[in-house]
Amino acid sequence: MLARRAAAHRAVLFDFLAPSAARCRAPSRALHGSKLKHKPAPEPTPEEREALFNSLRRVVKDRRFNKKLTNTQIDEFHRDLQIWRAGILNGDLEAVVRTSRKMKRKELLALITHRDWKELSYFVSNAISDSRRYDVNDPALVELAVDAASANGGGTGEAAFALKRILTRYFRARDYARLLEVYNTFLAEARASRSSMQRRAGDQASSPGKRRWGEDGDVAEDESQADAYLQHSPGVFDLHLCALGAYHALGQFREALDTMVGVQVRWTPTAITNFCKDAYIVHEKSASFSLFVEHIRAARMIKRPKWLAFEIGRMQDSHDSQRLIALFESVVYTCENSPQWLQTQEAGPSDVPAPLQLHEVVWIAFLNAFAQMRLFKYVESAWDTIHAQRVPVTQAMWNVWLLAHALDHRLPETLRIWKNMVDLGQIDAVSYTTMLKAYVTFGLPDEAFRLFEHLQQVQWRIDAGGKVASDSTKEQLYNIMIDGLLHAPPVDGDDKLQRAESLLSHMKKHGPAPSIYTHNAFLHYHANRGDVPAAATRLRYISQEGFTPDIASFTIMLQGLLKANHPNAAKTIVSLVHAFGVTPETQLYSAILSCIMGNDGERHVQEAFRILDIMEASDVAKPDQRSYSIVLAGLFRQRSLDASRRAQFEQEVRRRMERAGTDLSSLSYNHIIASCLEPMALPTPEMLDTGLRYYDEMIRRGSLPNNKAWQLVIDTLWKAKNDIVSALEVADTMSKKGVRGDWPLQTLVEKVRTAAARLRRAQNL
Numbered sequence: 001m002l003a004r005r006a007a008a009h010r011a012v013l014f015d016f017l018a019p020s021a022a023r024c025r026a027p028s029r030a031l032h033g034s035k036l037k038h039k040p041a042p043e044p045t046p047e048e049r050e051a052l053f054n055s056l057r058r059v060v061k062d063r064r065f066n067k068k069l070t071n072t073q074i075d076e077f078h079r080d081l082q083i084w085r086a087g088i089l090n091g092d093l094e095a096v097v098r099t100s101r102k103m104k105r106k107e108l109l110a111l112i113t114h115r116d117w118k119e120l121s122y123f124v125s126n127a128i129s130d131s132r133r134y135d136v137n138d139p140a141l142v143e144l145a146v147d148a149a150s151a152n153g154g155g156t157g158e159a160a161f162a163l164k165r166i167l168t169r170y171f172r173a174r175d176y177a178r179l180l181e182v183y184n185t186f187l188a189e190a191r192a193s194r195s196s197m198q199r200r201a202g203d204q205a206s207s208p209g210k211r212r213w214g215e216d217g218d219v220a221e222d223e224s225q226a227d228a229y230l231q232h233s234p235g236v237f238d239l240h241l242c243a244l245g246a247y248h249a250l251g252q253f254r255e256a257l258d259t260m261v262g263v264q265v266r267w268t269p270t271a272i273t274n275f276c277k278d279a280y281i282v283h284e285k286s287a288s289f290s291l292f293v294e295h296i297r298a299a300r301m302i303k304r305p306k307w308l309a310f311e312i313g314r315m316q317d318s319h320d321s322q323r324l325i326a327l328f329e330s331v332v333y334t335c336e337n338s339p340q341w342l343q344t345q346e347a348g349p350s351d352v353p354a355p356l357q358l359h360e361v362v363w364i365a366f367l368n369a370f371a372q373m374r375l376f377k378y379v380e381s382a383w384d385t386i387h388a389q390r391v392p393v394t395q396a397m398w399n400v401w402l403l404a405h406a407l408d409h410r411l412p413e414t415l416r417i418w419k420n421m422v423d424l425g426q427i428d429a430v431s432y433t434t435m436l437k438a439y440v441t442f443g444l445p446d447e448a449f450r451l452f453e454h455l456q457q458v459q460w461r462i463d464a465g466g467k468v469a470s471d472s473t474k475e476q477l478y479n480i481m482i483d484g485l486l487h488a489p490p491v492d493g494d495d496k497l498q499r500a501e502s503l504l505s506h507m508k509k510h511g512p513a514p515s516i517y518t519h520n521a522f523l524h525y526h527a528n529r530g531d532v533p534a535a536a537t538r539l540r541y542i543s544q545e546g547f548t549p550d551i552a553s554f555t556i557m558l559q560g561l562l563k564a565n566h567p568n569a570a571k572t573i574v575s576l577v578h579a580f581g582v583t584p585e586t587q588l589y590s591a592i593l594s595c596i597m598g599n600d601g602e603r604h605v606q607e608a609f610r611i612l613d614i615m616e617a618s619d620v621a622k623p624d625q626r627s628y629s630i631v632l633a634g635l636f637r638q639r640s641l642d643a644s645r646r647a648q649f650e651q652e653v654r655r656r657m658e659r660a661g662t663d664l665s666s667l668s669y670n671h672i673i674a675s676c677l678e679p680m681a682l683p684t685p686e687m688l689d690t691g692l693r694y695y696d697e698m699i700r701r702g703s704l705p706n707n708k709a710w711q712l713v714i715d716t717l718w719k720a721k722n723d724i725v726s727a728l729e730v731a732d733t734m735s736k737k738g739v740r741g742d743w744p745l746q747t748l749v750e751k752v753r754t755a756a757a758r759l760r761r762a763q764n765l
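Under the UniProt record's numbering, the first residue of the sequence shown carries the number 1, and numbering increases by one thereafter.
These aren't lab readings, by the way, just hints derived from the structure by calculation.
Be careful, since some hints might not be right.
When the alpha-carbon atoms are kept at most 25 angstroms apart in a straight line, the in silico PhoX-like pairs for lysine-lysine are as follows [unchecked claim]:
(1) K467 - K419
(2) K509 - K496
(3) K737 - K721
(4) K474 - K509
(5) K736 - K721
(6) K751 - K721
Please model the complete structure; the sequences and the hints are all you need to start from.
This is the structure we're talking about:
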């Protein structure tokens with residue numbers, strides 16, 4: 001009986017609230033001034049009034065309605081709804097806003113059907129487009145757009161897109177304060193409407209015998225959609241992006257991050273990319289935006305640890321320390337302020353959720369990146385954060401912590417950490433490798449030998465579990481000891497070579513078998529001392545042991561010949577290559593050229609040209625772009641050459657390239673520009689002009705410099721040449737080519753634009 005009555009009430013209320021079919025068929029025509037009139041619904045019957053009474057009683061919070069809802073009040077709501085619908089049909093903004101405010105005060109907006117809200121969304125969208133009839137800055141229209149977008153805690157996608165158009169206009173007009181005011185009003189309205197629905201759901205649960213319309217699953221579905229609306233709807237997502245852009249423009253990065261975390265948005269890479277593109281256009285690629293992007297990406301990547309670790313590795317490879325630091329600070333802040341939805345585990349009974357714990361791979365990536373980039377202050381900051389958040393410290397974390405102190409040459413701290421690791425049983429092959437390298441680096445070969453002998457005594461058990469080291473690990477440890485001994489500073493009474501030879505003999509007797517890398521360490525020892533006969537003997541010994549000398553072997557030998565001032569080093573090394581039965585290839589010759597051009601002096605340049613002659617006469621090792629660019633870049637690193645001789649050699653290389661039908665690639669141009677303009681190269685005015693000349697040639701040919709080349713060119717024009725106008729032209733070229741650049745380049749471009757604007761203001765004064 002109760003079920004049939006409830007079903008009848010739902011049917012009556014739906015018919016009472018549903019819009020007419022005529023209005024649904026042609027909404028756009030009605031919105032453009034149609035004179036269609038909505039046919040008023042007939043006066044409700046007693047049964048219909050009873051159904052409306054039961055529904056309204058659960059919604060209306062006014063004290064007047066707590067005891068009794070009269071027929072007059074029900075009819076009043078009916079009339080307001082008809083006026084509201086007619087206003088939408090006739091484009092009467094004033095009538096729609098007036099009735100909306102009235103129903104909002106009585107919390108009746110939640111009873112309006114989804115189709116009504118959709119019609120309102122179309123009305124708002126068309127009103128924004130019709131600038132002749134409506135003013136987009138009209139507060140009434142903005143209020144109506146907010147109502148439509150926040151309806152039922154969910155609204156419609158069309159309404160959100162309409163509100164986005166309003167916010168976008170504020171954004172383009174740089175009226176960020178007004179934009180954030182409207183956005184925060186929308187958030188408050190949507191959350192209040194969602195809370196109202198949840199309260200009604202609680203009332204229904206407390207009165208199971210009195211069911212309301214939609215109780216068979218429709219209401220529950222609506223509430224679930226309302227909870228997800230602020231997170232997943234594409235239209236609402238754009239509203240969040242507009243707000244974030246406004247926060248960024250005002251420099252309120254923390255507020256932006258709080259908003260991002262608070263709305264629980266699932267940030268997709270595509271949406272972030274689109275937002276970055278739009279914001280860069282608006283803000284003219286300001287460098288401060290890169291920090292803001294890291295805040296956005298932090299929340300997105302926090303639940304994808306492998307992706308986050310990969311991004312950290314990319315920043316490490318590109319030596320982008322500023323972006324790495326920004327990402328680290330953003331991730332830590334996001335973790336400490338993360339709500340329960342971000343956490344990987346269930347929150348405890350406390351009202352305040354515990355901070356989010358990052359995955360082990362993320363902490364290892366941060367620690368390793370900071371250590372390798374020598375950012376030791378942030379290594380300690382990351383370590384302190386790990387302990388503050390009570391993250392379990394793994395073996396890999398201990399290894400990176402030990403490595404960081406070894407790289408920082410902090411002997412007491414390194415020894416203390418090693419002792420703690422031994423006491424805790426947190427040692428493995430990587431730990432022994434790091435500690436052996438540390439002893440060798442600190443000039444403590446005796447300590448390294450003691451540790452190495454300890455490993456042999458325990459039969460190469462490298463961890464607390466008794467795991468035996470593999471042959472590759474043993475070989476690596478032997479190579480560390482041999483290489484460390486041969487490169488250690490000389491000590492009176494210590495025969496380094498003899499001790500290294502004893503280790504080599506032990507490897508051949510007991511294993512693991514030495515590799516070509518092991519033998520090259522001895523070859524490098526003799527070549528570095530300029531002892532060519534000993535190096536040649538070692539090279540023959542390598543061949544006798546069954547190894548074929550590789551590229552490293554021949555370049556090491558060439559370095560020894562050059563250090564010994566051999567009169568014909570180039571031809572000698574080529575003869576050695578053929579003597580050992582190695583077929584010379586372009587890669588081998590390019591390595592030889594790189595080795596030769598790394599030395600200063602016209603004699604070495606002549607040797608490089610002899611190698612080019614041999615390559616050009618060869619059938620299998622013709623010089624390529626890389627070969628010529630190595631010689632060109634090396635020319636501009638020669639300090640003993642005067643300008644005229646350097647120009648002659650440069651013209652000779654370009655003639656050879658033209659004769660071979662070879663042109664410079666983008667990589668070659670970048671290499672040459674870096675050789676001419678790098679501050680560490682102490683460039684002369686003539687070299688600066690040469691670097692800028694190659695930049696102009698690169699742009700004319702349609703090639704794009706890399707981030708480093710852009711930065712060197714702009715920095716040279718601005719600081720070395722004091723030509724801010726030309727530096728600004730290069731920055732404009734970047735914009736025209738669509739180059740975004742990394743953090744240091746963006747910072748430099750922003751400084752150049754600021755300096756240029758300051759110069760223009762000074763000239764106008």
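Do the hints match the structure? See the list:
For the given pair, K467 sits about 20 angstroms from K419 by alpha-carbon distance, which is consistent with the 25 angstroms threshold. Restraint check for K509 and K496: the C-alpha separation of about 20 angstroms stays at or below 25 angstroms, so the hint holds. This hinted pair checks out: K737 and K721 have alpha carbons roughly 24 angstroms apart, not beyond 25 angstroms. A threshold of 25 angstroms between alpha carbons decides the hint, and for K474 with K509 the separation of about 14 angstroms falls inside it, so the pair holds.
Taken as a hint, the K736 and K721 pair is honoured in the structure, with Cα atoms around 23 angstroms apart against an allowance of 25 angstroms. Note on K751 and K721: the hinted pairing holds, with a Cα-Cα distance of about 16 angstroms set against a maximum of 25 angstroms.
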